[in-house]
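This is what each chain is made of:
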Amino acid sequence: MTGWSQALGAPAEEAPTLTGNRGLQIEEPLIFEQDSPGHCGVDLPEPPPHRGRLGALERRAPIGLPGLSEPQIVRHFTRLSQKNYAIDTGLYPLGSCTMKHNPRLNEKLARLPGFADLHPLQPETTIQGALELIDTLAHWLKTLTGMPAVALSPAAGAHGELCGMMTIRAALTARGDARRRILVPESAHGTNPATAAICGYAIDPIAANARGRVDLAALKAKLGGDVAALMLTNPNTCGLFEDEILEIAAAVHAAGAFFYCDGANFNAIVGRVRPADLGIDALHLNLHKTFSTPHGGGGPGSGPVALAAALAPFAPLPWIVHRDNRLTLVEQAAKGPEGGPAASSIGRLKGFHGQMGMFVRALGYMMSHGADGLRQVAEDAVLNANYLRVRLDRKTGGLLSQSFPGPCMHEVLFDDRFLKDTGVTTLDFAKALIDEGFHPMTMYFPLVVHGALLIEPTETESKASLDQFADTVNRLAARAGSGDAAVFQAAPRLTPRRRLDETAAARKPLLRWRREQPKREATK
Amino acid sequence: MPTLRFTEDHEWIRQDGDNAVIGITDYAQQQLGDIVYVELPAPGTRIEAGKEAAIVESAKAASEVYAPVSGEIVAVNGLIAGDPAKVNADPMGEGWFLSVKLDDPTALDGLMDEAAYAVFIAEQG
Amino acid sequence: MRYLPLTPSDRQQMLAAIGVDSIDALFAEVPKAAQRGGLVDLPLAQGELEVERALSRMAAKNLAAGSAPFFIGAGAYRHHVPAAVDHLIQRGEFLTSYTPYQPELAQGTLQSLFEFQTQVALLTGMEVANASLYDGATACAEAVAMAHRITRRNKAVLSGALHPHYREVCRTYAQFSGLDIAALDPRPAEAETLDIDSDTACVVVQNPDFFGELRDWSALTARCHRAGALLVVVVTEILSLGAVTPPGEMGADIVAAEGQSLGNALNFGGPHVGLFAAREQHVRQMPGRLVGQTADADGRRGWVLTLSTREQHIRREKATSNICTNSGLCALAFTIHLALLGEAGVTRLARLNHAAACSLADRLAGLPGIRLVNKSFFNEFSLRLPVPAAEIVAALAEKGVLAGIPASRFYPDRADLANLLLVAATETVTAEDVDNYERALREALR
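Residue numbers (my numbering), protein chains in the order written: chain A, 1 to 524; chain B, 525 to 649; chain C, 650 to 1095.
For the record, the hints were derived by calculation from the structure and aren't laboratory data.
The beta-carbon is built from N, C-alpha and C at its ideal position, and this holds for glycine as well.
Watch out, some of these pointers could steer you wrong.
Facing chain A, a subset of chain B residues (Cβ under 10 Å, in silico) [stated by the list, open to error]:
hint, residue
1, D558
2, Y561
3, E563
Let's have the full structure, built from the sequences with the hints guiding it.
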């Protein structure tokens, strides 16, 4: 379903060049294809004579790595970087990803030797500043969420979900009340059911109502003594606030279950709303979304989990506690009948203490914005999304079909009704947007509408940027409606590669370079 | 004359005496797009009506193939395991999935015939 | 505010276009009780100068590893990263790009991840590798889960010489899955008996192990395979594979490793980068992202994310893992550093590390009362001291020497391990550092 086909025809109209390069766009082979055997881009001294102690396990066969000089490596990766779209180059309207500007100050702070050149297991007297930073971050997160505790070690959002769901299961086990089901809305992100399955739970989906929110009646019908928790994203993946959330929380708690909230969309409410007042028991946050730590081509992230008092005792190791006038790490669960810190912890979720590099960046971000700035972030995020809503929706002058009428929060959901009978799919539409210089919005998610297009501009887009995007999308929609399907199906034409054959990639996976392999040809 | 029947999950089943062959329909393969992988159970495994019997994957989606009837798997189609594109090319013939020994030779009676299935998919829109 | 482009005039125009009087109207669906009337009780916005000052003050309270003789390892290693690495990963197109779901706009990320996957496969001697996981410990837990899926067996046997954090994470992940984690007792330098039966999904060993010892696991591999179990080999110091026989050559089925040593600073424990490699026959059971090679509509070579149907965004509750994010930028740093080193460089760097450790081991083991426990090691070894190691480490820290890790940090209840000290030496250790260490240790033992 990539729309790839051999029949897409001849390359772009421009005359082919001699090199295959196109101006600033350079064809760049793999490093393995540029090997100068014996060459090295790092000057290292000859090791002094020594009595080897490798125990007859000296590596005999070569590894097979290529040798290149520094200029070649710098050029190689610079050329690769030029084939990437990024926040730094343009609007990145991916729904629920919160592709906001990544401030460079935070890169500088994370690289301070006092943070970067610090081993996690150094004596505690030598790391008090690091513990203070983590404690400060925890304070900001607890204050923003209104929750009394926060677990900082999860390395990403999905990891945070695992953490939250495990504390819930541990809490239920501790009160002798093992339950079996997790309720998850149909619109949920795939990590939610995947996480629930790892915790040994069965997943029971809840339908959305006509307004795109969780159907409260359906939820109540599915609640029972065997439901451990509801996993809810709020604002939800349709960009809408679950306005019946207080009734939802009450119903969940009345059934003896816990309320887990996926905080991926926290950007809509940070600084303006107190999640603790919504009845939430566990809330994961994505530092790489709401708090601007860079996406880095797919990671690293950080997914701390704010916890209610009932779940706090089960938080993963390590804990950072105040003791004897300084900060100290609790790395093992206290044993014995008297208990003590972390006695009931679910255990360790990753090596060492957590994503310190992301903590520094996130705290730098929070301190830069402050209480007033963070409130403005949520307001501008919601404003920008609603502005795009009215510019794009066919009810208010645009050409797209909003799925659930009315105001949205920080992201707006459209579906492919506006493409009906045009021969243009959501995929084709997105690929055409690429040629116009924009990264497409999220497509085909959430699954609750057909051919979904989910747009989240974030607060770091200017009005001019939004106007340009809206104008382009509307003009493309008009072109799709006027029978110009071939242009969409041939898109993109102007990127370093045109549509790629994902079917062939999946049928005959080629996951690494090998010395003797021929270059893959297009499938006939 | 082998009996051919269809399910609402877009599987077909063709009976010949006590045995039957199962696959996915042309409608199903169109919906899935290019098929990249199939996961087939081992011969000798039991299948239960309504439960998952196999998995079929396209580049972007994975779908369960549900057992239309209960029985014991006699053979699976190694051809589609090695060349999943066959399911797209010939879903009702070379692209078959499973051959089963039926628990109940009358089990197909409750399923849609070709005409009823044609009406069913027309209503899918 | 410097990061917010909207002006008050913009906001007014946009509110008018939307048809509401104030921004509050767009928050009307949030229950009043949960809305903050005023600002949250936190400091107000600050400029770069103030923020830098505040965080620098915190950083200054730490002793950076580079400012003292430094000998700590235990799963995170201090290496010199060439300046070019950090410059390249800070290019905005790498730093601020997203997961490569639109491959036409992400060939830079996809090609570099394909190079990464190849490098990891080559280093570990395995057939395929993924595009990275969070860290070595979670990679280990994922390896155990994968072995469980493949063999459909319920027990995992963990060597007592596996890094304790890795063991703990395996336990945490498995606690609700019905998997039985049988972890053996740590006994430095002793060979252990690993019991394999018909319910064993995998055996997990580490090389070099937590105490630094190197072993050939080929015989164990054969035993595992005869019993229908898989062998998982963990590597916490990836640079060791520049000098040591790789797990693939020993017959390993899965390798779970930590890649931090290449391209990435210590970062107080994170972000690091998990490496994961396996046999090709098991590729559809692998967690994490995979980049595959293909061609575009013009027949030109390119790369895409592939075998996505294993992942959460498609299989949801049937996914091989719940993982979504990888360690992208850290993997890129690894790729660039290893590309700069190449075959000649990584082997030489590994030998430099080993030579530094040999020299240090000989010097320290020459001190009265100190015994080197290891028969073999790469760049980390264990010393048995005449007194509790934690006291020595604290005493040396006061003298400004970061002497290593006492085993009691991980095993506080084990009297038999109280005198054991883990010591690492990388290429960053100087002759002066070694002199300082020996002198300080001699004094502390007096």
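Should the interface hint for B/Y561 be scored as holding, given a Cβ-Cβ cut-off of 10 Å against chain A? This hint holds: B/Y561 lies near chain A, its Cβ roughly 7 Å from the closest one there, short of 10 Å.
Restraint check, 10 Å cut-off on beta carbons, for B/E563 near chain A: For B/E563, the interface hint is violated, since the closest Cβ of chain A sits about 13 Å away, which is over 10 Å.
Is the hint on B/D558 kept, meaning its closest Cβ partner in chain A is under 10 Å away? The hint holds - B/D558 has a Cβ within 10 Å of chain A, the shortest such distance being about 4 Å.
In summary, the one numbered hint that this structure violates is 3.
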